[in-house]
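Chemist: Below are the chains, spelled out letter by letter.
Number of protein chains: 2
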Amino acid sequence: MPELLNEQEEQHIDEELVTRLLEEEQPELFREEFLAGHPYDQAKYYEKAGPGLRRRMYEYLSPAELAEIFEVSEIPDEEFGGFLEEMDTRYAADMLAQMYADNAVDVLNEIDKSKALTYLTLMEDEDAREIKDLLHYEEYTAGSIMTTEYVTIPKNSTVRSAMAILRNAAPEAETIYYIFVADDENRLAGVVSLRDIIIADENSIIGDIMNERVVSVLVSADQEEVARTMKDYDFLAIPVVDFQQHLLGIITVDDIMDVLEEEASDDYSKLAGVSDMDTPDRSPLNAAKKRLPWLILLTFLGMVTANLMGHFEKTLDQVALLAVFIPLIAGMAGNSGTQSLAVAVRGIATGDIEEESKMKLLFREAGTGLITGSVCGVFVFLLVFLWKHEAVLGLLVGAAILGSIFVATVAGSFIPLLMHRIKIDPAVASGPFITTLNDIISILIYLGLATLFISQL
Amino acid sequence: MPELLNEQEEQHIDEELVTRLLEEEQPELFREEFLAGHPYDQAKYYEKAGPGLRRRMYEYLSPAELAEIFEVSEIPDEEFGGFLEEMDTRYAADMLAQMYADNAVDVLNEIDKSKALTYLTLMEDEDAREIKDLLHYEEYTAGSIMTTEYVTIPKNSTVRSAMAILRNAAPEAETIYYIFVADDENRLAGVVSLRDIIIADENSIIGDIMNERVVSVLVSADQEEVARTMKDYDFLAIPVVDFQQHLLGIITVDDIMDVLEEEASDDYSKLAGVSDMDTPDRSPLNAAKKRLPWLILLTFLGMVTANLMGHFEKTLDQVALLAVFIPLIAGMAGNSGTQSLAVAVRGIATGDIEEESKMKLLFREAGTGLITGSVCGVFVFLLVFLWKHEAVLGLLVGAAILGSIFVATVAGSFIPLLMHRIKIDPAVASGPFITTLNDIISILIYLGLATLFISQL
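If you read the protein sequences in the order shown, they are chains Y and L.
Counting in full-length UniProt numbering, the first sequence runs from 1 upward without gaps.
Counting in full-length UniProt numbering, the second sequence runs from 1 upward without gaps.
A couple of the hints might just be wrong.
A pair holds if it fits inside one copy or across any two, identical chains being indistinguishable in the list.
[To be verified] Simulated pairs of lysine-lysine, DSSO-like, Cα-Cα distance not exceeding 27 Å:
| no. | residue 1 | residue 2 |
| --- | --- | --- |
| 1 | K358 | K44 |
| 2 | K290 | K423 |
| 3 | K132 | K115 |
| 4 | K155 | K132 |
| 5 | K289 | K358 |
| 6 | K388 | K132 |
| 7 | K358 | K48 |
| 8 | K388 | K48 |
| 9 | K289 | K113 |
| 10 | K388 | K314 |
| 11 | K115 | K423 |
| 12 | K48 | K155 |
| 13 | K423 | K132 |
| 14 | K360 | K48 |
| 15 | K360 | K44 |
| 16 | K360 | K289 |
| 17 | K360 | K132 |
| 18 | K290 | K360 |
| 19 | K132 | K289 |
| 20 | K358 | K290 |
| 21 | K423 | K388 |
| 22 | K360 | K388 |
| 23 | K113 | K358 |
| 24 | K48 | K290 |
| 25 | K290 | K44 |
| 26 | K115 | K155 |
| 27 | K113 | K423 |
| 28 | K113 | K360 |
Hint data in this document are derived by calculation from the structure and do not stem from the laboratory.
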């Protein structure tokens with residue numbers, strides 16, 4: 001990103017230099033240059049380096065130093081296993097133990113079960129237990145992305161002693177900017193920000209300066225809802241609790257940014273009918289495997305359409321010109337369906353559509369479909385009339401467009417709302433599915449009308 | 001979100017109670033209940049309340065209190081004007097002055113120019129100047145989302161005096177968790193986190209504990225690139241500089257979360273061909289206005305398709321059965337084009353696709369298109385052969401599918417890559433456009449082949 005970052009050489013790692021230092025086996029100089037860079041830049045280098053250089057990095061870097069790299073890296077999930085294999089087993093276990101527990105869990109979830117167990121066995125009991133606790137939680141829930149390395153302060157501490165606790169905890173905790181206050185039974189009692197603590201008099205009691213209205217999330221909450229709450233409330237961290245308000249962990253904003261992007265990519269890829277967004281360096285065969293399920297399903301649906309159209313073969317045989325408008329009509333229906341689908345899916349995802357406004361949305365979409373359908377229908381009638389001088393054909397095509405757009409627009413919002421109601425992710429009713437459905441409906445409307453009025457054509 | 005938040009009444013504002021207190025003109029009790037809630041909840045109530053109750057809120061709340069509500073609210077841009085009109089002009093100006101300058105700019109950018117000028121005139125000079133400075137920056141750049149309310153510390157301060165500076169600045173600054181260190185000429189020299197300061201000895205010199213490798217963004221950088229950098233590096237704040245490394249402002253993570261969502265929604269709506277994602281409470285007429293530009297454009301393109309097909313009227317007239325497979329072929333081309341478009345657009349947006357890998361992506365997509373095209377082509381051939389017992393027709397349809405999917409897949413990645421190269425937002429080559437283009441290409445391939453082999457059918 002040359003236009004973004006200032007071209008100050010010292011900001012980033014000099015990758016050529018680092019490679020040379022590794023090749024020349026200069027651990028001190030390597031460490032000096034490499035560790036001065038931001039972990040994200042370290043991670044980028046680490047991923048690119050190749051197994052030979054990486055093996056040398058395992059010699060020159062401590063497990064804790066490598067753990068920091070793994071924390072921020074964006075190594076694709078399926079590659080974790082390979083990287084860990086390169087390391088000595090004990091070194092790998094040490095590194096996992098040094099990672100924040102939530103991130104270690106992300107890694108362990110992606111590798112071979114028996115391998116994961118080996119690493120857990122090699123860890124110290126406390127580290128292993130922290131990780132095992134988190135491994136229980138289902139993927140995509142608050143529990144699976146929370147960390148257990150956070151700071152709590154007793155309600156009756158003074159600001160002075162709170163500061164002492166913070167100083168102690170700072171090197172380990174994932175954030176010390178929000179501190180959660182727990183009562184004697186580890187129930188969440190309040191929150192106080194480091195900002196509040198700094199401003200407060202040293203002798204004040206935490207219980208007096210804390211905010212008792214803490215917004216928390218249940219450990220079973222969906223990660224997308226957690227992300228929404230943090231974004232809405234501008235939190236840097238949010239506490240995770242069980243039904244009895246016991247504090248179980250916290251979720252920090254850096255993990256939430258990843259969730260926001262993950263969920264947006266997810267909705268986006270479903271709209272496009274890609275089961276899972278592939279990374280650009282996947283092979284053609286792997287990319288094809290990801291896309292074929294949708295394409296095969298759509299081939300079937302397309303054959304159904306063809307089959308239905310077969311019933312109108314006689315009509316098509318009589319007036320071949322009819323066929324010429326099929327892509328136009330199907331395309332318009334597909335597009336307006338996708339538009340209204342996108343509004344509904346995104347509205348559900350961002351929480352803009354709540355229970356009470358669902359009916360309102362449906363009525364609005366019906367109105368919108370009527371307007372867009374009428375405008376496009378009249379427009380097409382005029383075009384056909386002026387181009388082919390066929391008033392009846394123009395009326396027929398225009399009416400089919402009006403009907404198709406109306407039905408497609410209503411279906412485009414009705415289907416995701418229905419899926420949301422029956423607790424299926426509405427994004428699954430993705431673009432290609434809605435488009436094909438609307439293809440079928442619109443062709444039925446068009447050829448049905450044509451068959452009725454065939455004598456006029 | 002009942003399953004997300006714990007049902008503790010005291011966490012949120014009791015909206016009925018607040019309404020009653022406003023109606024009964026009980027300023028003290030209203031303030032007690034209302035101000036205990038999180039500003040986000042206050043904002044939700046404020047938006048819903050209606051002009052009558054809001055006018056009373058302007059009486060009971062200070063401009064500074066209302067400013068906090070405006071900070072976090074998600075009032076749609078076009079409604080800012082209406083809300084400000086409800087207030088006394090001086091009160092509105094006071095409130096804008098109390099907001100963080102970056103947020104005040106967001107509001108002023110959306111309202112009538114002459115009104116904005118009035119508010120600026122009524123503010124104190126310093127507040128007005130801060131806002132005017134930011135108003136210069138182009139929308140969607142780092143400059144437009146940065147704040148100028150941040151803390152800097154001289155390089156030679158001790159940790160003790162830095163803490164004193166922070167205590168002083170805490171109530172005003174947007175964040176005190178990252179502190180940027182500037183040299184005598186206000187050039188960015190380093191960064192130190194509050195965590196580092198807390199851990200450090202009180203007598204250490206900031207220059208010694210700060211990190212000199214600060215990642216910064218240029219004031220003209222695109223907000224999407226800023227968001228990417230902050231997400232990658234897990235920053236809570238990033239400094240904004242000019243070409244000479246002068247510190248101009250900072251961008252905090254809460255604004256970046258909004259950017260991430262804005263950009264994701266933007267890509268998503270473009271894929272669906274909605275010029276701008278409409279909020280669910282827009283009227284049908286307004287929603288139709290947003291969607292019609294695309295639909296009208298696509299009607300034109302659809303008429304071009306119809307026109308091209310008109311040239312094959314004789315072929316269609318001879319074998320009416322041909323028409324039956326048009327939606328299938330066009331649909332498959334449209335869908336595989338959208339898949340490959342989505343991968344390319346998202347890859348460019350997330351920075352996964354960099355210059356060097358563009359050619360690689362094109363070659364990969366060509367390979368992918370060949371594989372998916374072959375699989376679907378053979379599959380369709382078999383279906384047609386088994387269903388209609390027509391080997392030649394099956395071969396024709398199968399070959400058309402193979403060709404269409406191949407071309408559509410390559411076009412789906414080539415077009416966004418080309419647009420990115422010539423500095424047009426690739427998301428503009430949105431779904432409906434690619435779909436219609438692929439409709440045309442696939443129908444030409446199909447009917448072209450059919451015309452060539454018409455004697456065999």
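Chemist: So, for every hint listed, does it hold in this structure?
Modeler: Status of the hints after comparison with the structure:
1. For a Cα distance limit of 27 Å, the shortest separation of K358 from K44 across copies, 19 Å, qualifies, whereas the shortest one inside one copy, 45 Å, does not.
2. Proximity of K290 to K423 under the C-alpha cut-off of 27 Å is restricted to the intra-copy arrangement: shortest distance 25 Å within a copy versus 30 Å between copies.
3. Within a single copy, K132 and K115 get their C-alpha atoms as close as 14 Å, which meets the 27 Å cut-off; across copies the closest is 59 Å, which misses it.
4. For a Cα distance limit of 27 Å, the shortest separation of K155 from K132 qualifies neither inside one copy, at 29 Å, nor across copies, at 45 Å.
5. Taking the shortest alpha-carbon separations for K289 and K358, only the inter-copy value of 21 Å comes in at or below 27 Å, while the best intra-copy value is 37 Å.
6. Proximity of K388 to K132 under the C-alpha cut-off of 27 Å is found in neither arrangement, the shortest distances being 72 Å within a copy and 58 Å between copies.
7. Taking the shortest Cα distances, K358 and K48 sit within 27 Å of each other only across copies (18 Å), while inside one copy they are farther apart (48 Å).
8. Taking the shortest Cα distances, K388 and K48 never come within 27 Å of each other, neither inside one copy (61 Å) nor across copies (54 Å).
9. Taking the shortest alpha-carbon separations for K289 and K113, only the intra-copy value of 25 Å comes in at or below 27 Å, while the best inter-copy value is 54 Å.
10. For the homomeric pair K388 and K314, the shortest alpha-carbon distances inside one copy (22 Å) and between copies (16 Å) are both at most 27 Å.
11. In the homo-oligomer, the alpha carbons of K115 and K423 never lie at most 27 Å apart, since the shortest distance is 35 Å inside one protomer and 47 Å across protomers.
12. Proximity of K48 and K155 under a CA criterion of 27 Å is satisfied in neither setting, with 48 Å inside one chain copy and 36 Å between copies.
13. When the C-alpha separation of K423 and K132 is checked against a cutoff of 27 Å, the pair qualifies neither within a copy, at 29 Å, nor between copies, at 48 Å.
14. In this homomeric assembly, K360 and K48 come within 27 Å of each other (Cα to Cα) only across copies, at 17 Å, whereas the closest approach inside a single copy is 52 Å.
15. For the identical chains of this complex, K360 and K44 are inter-copy neighbours only, at 20 Å across copies versus 48 Å inside a copy, given an alpha-carbon limit of 27 Å.
16. In the homo-oligomer, the alpha carbons of K360 and K289 lie at most 27 Å apart only across protomers (18 Å), although the nearest pairing inside one protomer, at 40 Å, exceeds that limit.
17. Taking the shortest Cα distances, K360 and K132 never come within 27 Å of each other, neither inside one copy (46 Å) nor across copies (41 Å).
18. Proximity of K290 and K360 under a CA criterion of 27 Å is satisfied inter-copy only: 18 Å between copies versus 37 Å inside one chain copy.
19. When the C-alpha separation of K132 and K289 is checked against a cutoff of 27 Å, the pair qualifies neither within a copy, at 34 Å, nor between copies, at 54 Å.
20. Proximity of K358 and K290 under a CA criterion of 27 Å is satisfied inter-copy only: 20 Å between copies versus 33 Å inside one chain copy.
21. Taking CA atoms no more than 27 Å apart as the test, K423 paired with K388 passes in neither setting, with 49 Å inside one copy and 41 Å between copies.
22. Proximity of K360 to K388 under the C-alpha cut-off of 27 Å is found in neither arrangement, the shortest distances being 41 Å within a copy and 46 Å between copies.
23. Neither within a single protomer nor between protomers do K113 and K358 lie at most 27 Å apart by alpha-carbon distance, with minima of 43 Å and 36 Å respectively.
24. For the identical chains of this complex, K48 and K290 are intra-copy neighbours only, at 25 Å inside a copy versus 45 Å across copies, given an alpha-carbon limit of 27 Å.
25. For the identical chains of this complex, K290 and K44 are intra-copy neighbours only, at 26 Å inside a copy versus 42 Å across copies, given an alpha-carbon limit of 27 Å.
26. Taking identical chains as interchangeable, the C-alpha atoms of K115 and K155 are never at most 27 Å apart, the minima being 42 Å within one chain and 49 Å between chains.
27. Proximity of K113 to K423 under the C-alpha cut-off of 27 Å is found in neither arrangement, the shortest distances being 30 Å within a copy and 46 Å between copies.
28. Neither within a single protomer nor between protomers do K113 and K360 lie at most 27 Å apart by alpha-carbon distance, with minima of 49 Å and 34 Å respectively.
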